[in-house]
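K.L.:
Chain by chain, the residues:
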Amino acid sequence: MFEVESSTRIERSSVMPGTEELIINMGPQHPSTHGVLRVILRLDGETVTDCDCDIGFLHRGTEKIGENITYTMFIPYTDRLDYIAAPSSNLAWVTAVEKLFGWEIPMRAHYIRSLVAEFSRISSHLLWLATHALDIGAMTVFLWCFREREMVLDLFETAFGARLTVNAFRLGGLFQDVPQKFLDLSQEFADLFPGRIGDYETLLTDNRIWLQRTRGIGVISADDAIDLSLTGPVLRGSGVRWDIRRAEPYAAYPYLDFVVPVGENGDVYDRYLVRIEEMRQSTRIIQQCLAQLPKGPVSCKVPRTIKPPAGEVYHSIENPKGEFGFYLVSDGSETPYRVRIRPPSFVNLGGLKKLVLGGLVADVVAIIGSIDIVLGECDR
Amino acid sequence: MEIAAEAVIALVKIAVVLGVVSLVVAYLTYLERKIIAHIQQRLGPMRVGWHGLLQPIADGVKLFLKEDIIPDKADKVVFVIAPIMVLVPAFVEYSVLPFSSTFYITQVNIGIFFILAVSSLGVFGIVMAGWASNSKYSLLGALRSAAQMLSYEIFLGFSLIGPLMLAGSLNMQKIVEAQSDVWFVFYQPLAFVVFFIAALAETNRVPFDLPEAETELVAGFHTEYSGMKFAFFFLAEYANIMVTSSVAVTLFFGGWKGISWIPLPGFVWYALKLGAIIFVFIWLRATLPRYRYDQLMRLGWKFMFPLVMANIFLTGLVKYLFL
Amino acid sequence: MPDEAQSNGQEEGSAPAAAQAPPAQDLRELVEREYAGTILEQSAYKDMADEATLVVRLDALPQVGSLLRDHPSARFRLLSDLTAAHFPAEERPFHVVYHLYSFDHNRRLRLKVKAHEGEQVPSVVSVWSGANWMEREVFDLFGVSFKGHPDLRRILLPEDWGSHPLRKDYPLEGRGERVYTKPRRKEYGE
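First to last, the sequence lines map onto chains A, B and C. Just so you know, numbering that gives the first Met the number 0 puts 312 at position 313 of the first sequence, and the rest follows in order with no gaps. Just so you know, numbering that gives the first Met the number 0 puts 287 at position 288 of the second sequence, and the rest follows in order with no gaps. Just so you know, numbering that gives the first Met the number 0 puts 133 at position 134 of the third sequence, and the rest follows in order with no gaps.
None of these hints come from the bench; they were simulated from the model. Just to be clear, a hint being listed does not mean it is correct.
What the hints assert, rightly or not - Partial pick of chain C residues on the chain A-facing surface, computed with a CB cut under 7 Å:
(1) 40
(2) 44
(3) 50
(4) 82
(5) 101
(6) 160
Claimed, not checked - If you anchor each label on the Cβ, the simulated ranges turn out as follows:
(7) C:116 <-> A:59: 22 to 32 Å
(8) A:44 <-> B:5: 47 to 57 Å
(9) A:162 <-> C:152: 49 to 59 Å
(10) B:8 <-> A:149: 54 to 64 Å
Unchecked claim - Taking lysine-lysine and the PhoX-like style, the derived pairs with C-alpha atoms no more than 20 Å apart in a straight line are:
(11) C:167 <-> A:63
(12) A:306 <-> C:113
(13) B:256 <-> B:173
(14) B:318 <-> B:173
(15) B:72 <-> B:135
(16) A:180 <-> A:294
These figures come from a predicted structure and were not determined experimentally. Every residue, glycine too, gets a C-beta built ideally from N, C-alpha and C.
Next up, chain A with everything else stripped away, as it sits in the complex (with noise of 0.2 Å):
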């Protein structure tokens, strides 16, 4: 009846004579692949029984950019990566620059870089709340969440003059430091957040409905994730308590309180309450980022070019979707030499076939979103 481009491994296959098991094309313009993601499931009935991603439709090649620009000039690319969480894939790439040069960082910079990292990760939990809820029929948290997303939105406009790409670092530190505003704001924010997590609680948690969608739903144990190299919620969903915020600590991470959640079921469930409890411990790091702030400089001496000694760094930081890595290969010269983006969520989607194989056609949803992707760091 239809036919499917050849780019694809899964092709028709007969289970009893006289049927045929039904293709269907999810993506890339369906309400509930977050962007440009396509998934080609085969379906028997409502089972799927197989499935294969098609990706690529937002390759912009940023990698092949970066090595055609200078280590400054970068920055604003990175935005364009994960933009749910623009800040964090900032702070990826000046910290891997700035382990190459070995440059020291003021305090004041590292306090109000996990600060803004922390606002960028509720933000983008926010919105994974929000469509993720919203996929499986729960209407209302989606426009809850939003309301509050969009106070961190405001936040980002008040220190940086941007609300989704917001440009917030520079290698050395800060452009400058925060306005007053923007700290008051912070406070504010903190103060009201966890009731505001309560209400969506109220709304999910308990709520039988959205148990029985999500519990025992794309179930993946801790070995099989750490296999498939997942990382962040979805890890730690399956219970394996690894944080690069606490394994390898950067930014003021060493000097803040705050608990690693864990799954103990590696379902949909328990990814879900991961993410509520590290929406919850990022409004604590907040509080204590607000309160222990240091006086001082925000930027470190950064000469006018930069050249960076030959050699090759990697330095990961935990972004909202998982390890978001940059690897960097320096010749010496003013520009980085070859520039490789480790993409969470193009790693984590790598393990959907895994989690949705034997599922109904209304899992898969429930599982993408739990995997909580981002076409443009996924796509690149």
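Since the structure of chain A is already known, use the hints to place chains B and C on it.
P.N.:
Coordinates of chains B and C only, in the frame set by chain A:
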């Protein structure tokens, strides 16, 4: 002469009911948008008229003027008939509803039976729409819809047996009269719960809106429809909500009968009760996530079916022993 | 730099002189004990512990990988990243880079293999399943082929894209080798 007069009166009644129902259904969409908006802490439609009051009219005009697209590979005849097949039964059901003690189009001895029979015709339209669209999402949506509506119709029918046993009649008027003292909802709470859940499923409302589950099946059986044909599906959905709510009012909440010490006309009582039930429909939509297809079936057959059977048995037992 | 590190490593012992030994010396010895001669170079950027790099002989990669994954003193269970870099001037221009992480010891290790143009790199999908998509990406953007990969297709670029953009000789503008033939669209009603 008399026959002619009767016919004229009947036609006028039909015109009035049809007009009022169409208008109410249109404004039901407005009400839904407003209520959900306020639950979600936003304003909803505000631009067209005072607080967006003319929004449904604007929507109607827009749908009328929209290009009417028939997909190239669709089965054209069936594609065109399907929305009519859905809309007509939804409106026919109003013919036996008693809106007050004196205002009704017709009084049939098998009123409730007639409603059940006609409402089950709607599923044909949905299956036809899914099939004729020649699209996978539509087909899946239609199949889900057929399975869901056919099974939940059984519970819907069975849940009504309890109140009917108490009333001793299928005539809608007589059922209302039987509730002069106590509404049946107090005698038959179990039946009402099952009826309400089944009604949600029958009208494809949250949490049973799988046939048009936006995030899985794009728009389910009406994915390929646009313009007035889409509006027909939309109208039919809301008209069905009205009918099922009306049946709930008639069978469980005493129809037009109000509380005796508050002097209000019958149809006002009727409208109030209807509004309250519709509000719950809308409220649920803003609150609950969606069931999965197999869970929906399990809920129906493993939980509601035994419950409704037990209810019938109990009602019969009590009636036999004590009345 | 790599030669230096290599000679240092061979002269000194492992455990007591750990402060002087270059990072990953213990891992190098571990691998050499099992598969002698498979580690070709050893280095670390500014001697940072988490930048330890071992260059592995191409054909020995899966064995070395399994050993590093399973041995109790290594336990590199997470393949954190897999990528490549192109050095056209070198004899073996394609460096395929593996970033490993060990939860048990909280340490990182970088493995590298160097391949000729057109040479097949053994796939590590059998060692770490997560390598599946990452190897496809390297295949897509560098044109490095992997032996034993279950499903080696392009992943980011269209199936019929003529070349591999992350190679250094890929032109940044102009026509160059950027060959892309637009597939013919079906006309309406055809």
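K.L.:
Now tell me, hint by hint, if it's right for this structure.
P.N.:
Quick rundown of the hints versus the structure:
Among the interface hints, the one on residue 40 (chain C) is violated; its C-beta lies about 13 Å from the nearest C-beta in chain A, farther than the 7 Å criterion. Interface hint at residue 44 (chain C): satisfied, since its Cβ lies 4 Å from the closest Cβ of chain A, which is below the 7 Å cut-off. The criterion of a C-beta within 7 Å of any C-beta in chain A is met by residue 50 (chain C), whose closest approach is roughly 6 Å, and the hint holds. The criterion of a C-beta within 7 Å of any C-beta in chain A is met by residue 82 (chain C), whose closest approach is roughly 4 Å, and the hint holds.
Here the hint on residue 101 (chain C) is broken, as its CB sits about 10 Å from the closest CB of chain A, past 7 Å. Given the 7 Å rule on beta carbons, the hint for residue 160 (chain C) is violated: about 10 Å separates it from the nearest Cβ of chain A. Distance hint for residue 116 (chain C) and residue 59 (chain A): a CB-CB separation of about 27 Å, consistent with the stated range 22 to 32 Å. Remark: the range hint 47 to 57 Å for residue 44 (chain A) to residue 5 (chain B) is upheld by a beta-carbon distance near 53 Å.
Look at residue 162 (chain A) against residue 152 (chain C): about 38 Å separates their beta carbons, and that is not inside 49 to 59 Å. A hinted range of 54 to 64 Å for the beta carbons of residue 8 (chain B) and residue 149 (chain A) is consistent with their spacing of about 57 Å. Taking the CA atoms of residue 167 (chain C) and residue 63 (chain A), the gap is near 9 Å; set against the 20 Å cutoff, the hint holds. Distance check on the hinted pair: residue 306 (chain A) and residue 113 (chain C) sit about 26 Å apart at the alpha-carbon level, beyond 20 Å; violated.
Only pairs whose Cα atoms come within 20 Å are accepted, and residue 256 (chain B) paired with residue 173 (chain B) is accepted, the gap being roughly 12 Å. Taking the CA atoms of residue 318 (chain B) and residue 173 (chain B), the gap is about 18 Å. The hint holds against a cut of 20 Å. Under the criterion of a C-alpha separation no larger than 20 Å, the hint pairing residue 72 (chain B) with residue 135 (chain B) is consistent with the structure, at around 12 Å. In summary, the hint linking residue 180 (chain A) to residue 294 (chain A) is supported, as the alpha carbons are separated by about 16 Å, within the 20 Å threshold.
The structure fails to meet hints 1, 5, 6, 9 and 12 from the earlier list, while all remaining hints are met.
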